[in-house]
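As given, the protein sequences belong to chains A and B, one line each in that order. Mind the numbering: the first sequence is residues 1 to 247 in my numbering, read in order. Mind the numbering: the second sequence is residues 248 to 494 in my numbering, read in order.
What you were told as hints is all true, and nothing was included just to trick you.
Under the rule of at most 25 Å between Cα atoms (straight-line distance), these lysine to any residue pairs were calculated in the SDA-like manner: (1) B/Lys374 / A/Gln94; (2) B/Lys304 / A/Glu201; (3) B/Lys304 / A/Glu179; (4) A/Lys57 / B/Tyr425; (5) A/Lys135 / B/Pro473; (6) B/Lys308 / B/Trp321; (7) B/Lys304 / A/Gly223; (8) A/Lys135 / B/Gln341; (9) A/Lys57 / B/Glu448; (10) B/Lys382 / A/Glu224; (11) A/Lys57 / A/Val138; (12) B/Lys382 / A/Pro226.
Simulated from the structure, these hints should not be mistaken for lab results.
2 protein chains.
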Amino acid sequence: MKRPKIEHLVNIILFEDREVGLPLRRDDHRVIHMLDVLRRKLGESTDVGIVDGPRGKAVLKSVGDEYVELEFEWDNVPEILMPIDLVVGLSRPQTSRRVLQEATSLGVRQILFVHTERGEPSYATSKLWTTDEWKRLVRGGVQQAFTTRFPRIQIGVELADSIAATNSVNTRICLDNYESSLGLLDAVSSAESIVLAIGSERGWTDNERNLFRKNGFTLAHLGERPLRTETAAIAAISIVAARMQRG
Amino acid sequence: MKRPKIEHLVNIILFEDREVGLPLRRDDHRVIHMLDVLRRKLGESTDVGIVDGPRGKAVLKSVGDEYVELEFEWDNVPEILMPIDLVVGLSRPQTSRRVLQEATSLGVRQILFVHTERGEPSYATSKLWTTDEWKRLVRGGVQQAFTTRFPRIQIGVELADSIAATNSVNTRICLDNYESSLGLLDAVSSAESIVLAIGSERGWTDNERNLFRKNGFTLAHLGERPLRTETAAIAAISIVAARMQRG
Chain A
1 MKRPKIEHLV NIILFEDREV GLPLRRDDHR VIHMLDVLRR KLGESTDVGI
51 VDGPRGKAVL KSVGDEYVEL EFEWDNVPEI LMPIDLVVGL SRPQTSRRVL
101 QEATSLGVRQ ILFVHTERGE PSYATSKLWT TDEWKRLVRG GVQQAFTTRF
151 PRIQIGVELA DSIAATNSVN TRICLDNYES SLGLLDAVSS AESIVLAIGS
201 ERGWTDNERN LFRKNGFTLA HLGERPLRTE TAAIAAISIV AARMQRG
Chain B
248 MKRPKIEHLV NIILFEDREV GLPLRRDDHR VIHMLDVLRR KLGESTDVGI
298 VDGPRGKAVL KSVGDEYVEL EFEWDNVPEI LMPIDLVVGL SRPQTSRRVL
348 QEATSLGVRQ ILFVHTERGE PSYATSKLWT TDEWKRLVRG GVQQAFTTRF
398 PRIQIGVELA DSIAATNSVN TRICLDNYES SLGLLDAVSS AESIVLAIGS
448 ERGWTDNERN LFRKNGFTLA HLGERPLRTE TAAIAAISIV AARMQRG
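Please put together the full structure from these sequences, using the hints given.
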């Protein structure tokens, strides 16, 4: 079997609420995963969840040529997402793909992909965004993290609008390795909500920095080394999450 | 031009000490990068460095059909690498590729790829390791980070040997989301050296956990969510580095 380029383990198979109790088509990709990848037999179970709902087990009750029946047993409801809003510059599709998956796996509650002065307008018209590809990547990130919680995704937002949209968040941080002398860990205190802005690969302009400053953002850095946007996103979310979890 | 799958910005062009002052072949990949990608003209300069040495500028002095001459001006010597040794389970090549690049970019001083009980022996014989591919990836990570410092890489080490090899490091942490109740940020104190062990995608066995415990490792976690090995590596290095830099 050919592996997709960026692969996530399917640690949990997700269903919509309205699907529960109904037969599933034999060619449904989740049925194929359960029968042909996990090789479950009649009476055996696998980890499942309802989108934004509980997690549990599905037992294989019947397998026909056209339809399959599952019996669900619900166990618990996964933790809510972390109160972290990520504002990130629209980047090359391969970079945005990784940001979508990894920020989702790490558990942020919202990702706003914004236009930046140094980004390319063409990034927003990639097939990543014009097809359902981005939704599959988010789902992959949720499944990797063994949860049922989906972050809210907004695409092609103006930077000023993203700042206005996160106005109620009082810890506001903009990553900037050029003008900041404050390490990210020192810029974050304990369990609050946080908006974290990360530029596209060529960084912020002075205009953009000023807009952030005027709106109560603190500039913070991740050390001296220039990092790729997706690496910076994983690093920054992880540091903020570790600080928040510490309380 | 076809882009490689995982791309790093070449923020600095690296040379060996012995190359300085000698003409370079026109078909050298660094000359091609300078002339054909960066489009430097005679008299123009670009950022360069000597492997494990200083950083500076190279001015294009002459361009012939076969050879090119550069004039170097040295500026400063990059910071030494962080005293972080990464012990990581040999994983699928695509995972190991990302660990190599990203851990290098983040600035760890050593990466030991170890055999684990749940890893596949075939991982160690991938062309990633049997060709020079791994060296190119490390170089890419160094260039991304705008430095000249190369981490030490060891491949196919036995877990017990990696533990012995890092015996002088007194803060020893093994990431384990199953049996640990201590968050990584709480397991690390300020500016010490640290060895950080991260399993391959299927995690550690009880045998391996016991080996870690017997050798003074503390088990720590990154939260409840299962993460991919490469994501866990970036997250863990970033948290430890942020804590160390704080002092």
